[in-house]
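K.L.:
These are the residues of each chain, in order.
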Amino acid sequence: MAEMWINMGPQHPMTHGLWNLRIKVDGETIIDAEPEVGYLHRGIEKLCESKTYTQIIPIADRLCYGASLSWSHLYCVTVEDLLGLEVPPRAEYIRVAALEMQRIASHLMWLAAYAADLGAMIGFIYSMRDREVFIDLLQALSGSRITYNFPRFGGVAHDIPPNFERDSLRACDYMEKRLKEYEDLYEGSKVFMLRNEGVGLLKKEDAMNLGVTGPSLRASGVRYDLRKDMPYSVYQELDFEPATHKDGDCYARFKVRMDEMYESCKIIRQAVTKMPKGKWRTLAPRNAPEGTGLGRVEDPRGEGVMYVVGDGTDRPYRLKIRSPIFVTVSAAPKMLIGYKIADVVAIMGGLDMCIGESDR
Amino acid sequence: MAFRSKDFLKWCDEVLEGILRKSPVGSGIDYVTKDFFNWATRNSLYYLHFGIMCCALEMAVASAPRFDAQRMGVIARSTPRQVDILIVNGPVSKKLKPALRRLYDQMPEPKWVIAMGECAISGGPFYNSYSVVPGVDQFIPVDIYIPGCPARPEALIDAFIKLQKMIKDNKKGLLTGK
Amino acid sequence: MNLFEFCYGIIHWLVDLVNHLWYWLGDHLPRVFGDFFNWAGDLAVSHGNIALFAILAEAVIMFVIALVNVLNFIWIDRKWMGRMFDFYGPYYVGYRIGGWLQNLADGIKLFVKEIITPAKVDKLGFLIAPVILVSSSVLALSTIPFSPRFGVFTSDLDTGVPAGLLIAFAFFAIAPFSILIAGWSSNNKYTLIGGMRSAAQMMSYEIPLLLCVASVFLLSGSFGFLGVVNAQHDIWFVIPLFLGFIVFITCLAAEVEIQPFDLPEAEAELVEGWTTEYGGFRFGLFMMTSYLRGYVGGALATALFLGGWQGPSIIPDEFWFLIKAYLVFLIIEWMRWSNMRIRVDQILNIGWKRLMPLAMLNLLIAAAFKTMGWF
Amino acid sequence: MAERGKSTGRPEEGLERAPSRIGEDPEERVIRALLDGFPNTVTDFKKLRKGVLRAKIERRELYKACKLLKDSLGFEHLSMISAVEYDSGFELVYHIVSYQERLLLELVTTTPKDDPSVDSISSIWGGANWQERESYDLMGIKFNNHPKLERILLPKDYVYHPLRKDFKG
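Chain order of the listed sequences is A, B, C and D. Numbering of the first sequence is given in my numbering, commencing with residue 937 and proceeding in unit increments. Numbering of the second sequence is given in my numbering, commencing with residue 46 and proceeding in unit increments. Numbering of the third sequence is given in my numbering, commencing with residue 185 and proceeding in unit increments. Numbering of the fourth sequence is given in my numbering, commencing with residue 4 and proceeding in unit increments.
Same shape as in the complex, but just chain A:
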């Protein structure tokens, strides 16, 4: 076969969202690649300039459908930085518990898509089934399944529902049991290891230089987790260890995410048991002062940053969103070139694409 360009997307089962990967192949080997995003561009940054600060929380939810709580939380952190607002400790603990639940749900979503990409329908089914456990918990907490609209400036919207602590602990126990089963299912499978080990290598220097963050960075051997290294909520009071792996291939990215789910279970357990009594919300002023605010959190997909410029009114002058996936995708050609077409699904699936946040 001669060399040819193949468009994978925007409608393609590999993409999990709206983007286009143009690859140039020689037979089955990839010799050039070029991701193309923007099919889901909604102009959120412009939209936010015409909305009040409070109205933006639901929109921030819709940035990423896989981990929406993490984005509305990031927005609230950013505006709290602008307002100079203190958050009561109970609210912080509720947030941390909810965030880690969201992280597990998001990683399970990733696992489902990853398994389906590699051809194991059973992995898709199991992950989707267990994801419902955490979705139920978050639904009890906030009232909706995907877009929660839960954090507020200076706290959270509601207190926790009754029996939340018991249910969370149960869910963690269940999840840890299931995670062991997943490890048997995937790592016990020779085919899975054949498809993942040594595929999509990303060296440490390249990962840092190309701006890859989150689990993909930690899988390349850089131990950098904002929860640990620049703690933003009550993470410094909790005991956990960010998962790292030194290989930098698809298996390392898989392993890091699996380990992160264990760590998240640990964090949820500590957060719900240590949760102090008290207020869960403080009142925030309507108008923000002039100045800038910056929020950085560890999203399930990487480092999410928001930068807000206030001008003294009740609407932001400018809101800039840094999406981890947007930058990570630009590093994709580095990982893709030299591998086979079938490796595209393993490599791009291992990055955990979420186009909602990437296109904004």
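Only true hints are included.
Per the computed footprint, the stretches of chain A lying under chain B, defined by three or more beta-carbons under 8 Å from a beta-carbon of chain B, are:
no., stretch
1, 940 to 951
2, 973 to 980
3, 998 to 1006
With a cut-off of at most 30 Å between alpha-carbon atoms, the simulated DSSO-like pairs for lysine-lysine come out as follows:
no., chain 1, residue 1, chain 2, residue 2
4, A, 1139, D, 70
5, D, 50, A, 1164
6, A, 987, D, 159
7, D, 59, A, 1164
By construction, these hints were calculated from the structure, which means they are not laboratory data. Note that the coordinates shown come from a computational prediction; the quantities given were computed from them, not determined experimentally. We put the CB at the ideal spot given by N, CA and C, even for glycine.
Assemble chains B, C and D onto chain A, guided by the hints.
P.N.:
Structure of chains B, C and D alone, referenced to chain A:
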């Protein structure tokens, strides 16, 4: 006289079409087969594996064990040539619009469109954005609207049932179209 | 009485009925016409003609049974999948019989869909590929007997199709060509890659498959179904040739393109593989044929290794054969739903570097058994 | 743009890793190195909170400063490039992170309205490539020496830069 196989096929088409579509034979066949074909069509709805935004997640959940849309014969296929339903589950940006229209055109008749969620119905929270088409029905005919932001999986299954009812109500013969 | 005699009797009776009409006409018409009708009647009643029609009738019966089998197969497959995936499987369509009608509904729906021939395809190839695939698979199926008395036979002697297994494998091996034609003529990059993969994969798995079959031929000393199955009267070949059975099942999975080896229609990377541009009933034919080939594969494995229709005579032989074929199919499906997909270079590695030596070893074992005179 | 050729030239020779003095805070080391390297162009040094610094720099020295940050001060990661439009001109905010020292530096540079262009730093940090394209796409800021400065989020034939304040709907 050159009468090639192509001409023969064309002639066959014309004569058979004439006989079947206009004479009582066609309506007779339709009368017998209408119910059967309609039953088959409404009980085997394949939808396109095509995710846009939040509702795509709920679409995936609807085919997972808890909600299990497969028991009704609803299956996802990846290519538009083999599907009956296009589920538009998110805002359609101006960059996407030609691609989506093309996907719709590639689907074989009979086909239906489900607008899932506020974004597909009217643009939702992004209705006044510079890059979002306010509602997918601006360029594609929509049969079922599911409100919700995002619509829950139960709502999607309800939409499938409503679509089945709709297909049953608009019973049409294969040949005469009546 | 076997199926041939049954069909022969029915055809004979029908021909007799018609002939009575002919002769009656010949008696009552003027002389020239009467001679003609008498001549026609004499011609029709000859043994060869009736046998020919009897074989055709047999083929039709086998085909209908195969279609019903395919419906059963898809239903069992989906229920089995549902059991593993926490699903019900098909449930509502015909819920009194466990959702059995779902596949019928799927088929009929595909039949009434619009048939699209995309503008830029190669018309001849695009149209002829499904025909080749379906007809070769059905021909492969038609050689397989369910029991010594139920199958396509050419005479009332219990020999079956001479060298039936060879013919079955010959027809079974035609499929890659039609897939390649379908992939190339669709004028789509995904289908092209799918077709290429399919050709490479099927060619390379054909050889270990046939080597395993050769070992069975060696032990049984026959090329026909009846000879092979009768040779397993004392011991099923799966016991001496266990290695060959494993290799055979693996190659079969690759031949019928199911999951660890379903690269040609790899859903995640090549949208739907070589069927991407096919819609409507043509796609339905492909779908049906893939299950049909699964059934043929199960039946071949049954006949070659699992003793065919032999079993305790509580239930008829034909059902023993079907049960075994279904079981083999379910095992392959189990592999399908719990495994991941292998990459294309790895699949060729496995085929040439692992399965090929194992198949040769298996052939050696069979030869050793034969020279020691145990079979 | 007289300074353009100068500022985007070869990597600065002779820049060594700024030696840390005993007992010196990494934050102070960064401040000292930047102020020493660019005494006239770096202004408004502020420490916002622990681990977060903010500095202003003139745009002609941006490339050199980034080179210094990457090569000698160990800022491995470019987190975000944000463009903000004010009445006086555009402001570009670079958030640069040091994994080693757990530092975040907000490097602010401004461009006038009539000539919104700065030097591209995508040859220093590969991650800047798409972010600069995004800033070009949405805000219309030109990045000199960028390998492929095209629209990325919006269609290729789009004519506006939607995040500018004079763009309405």
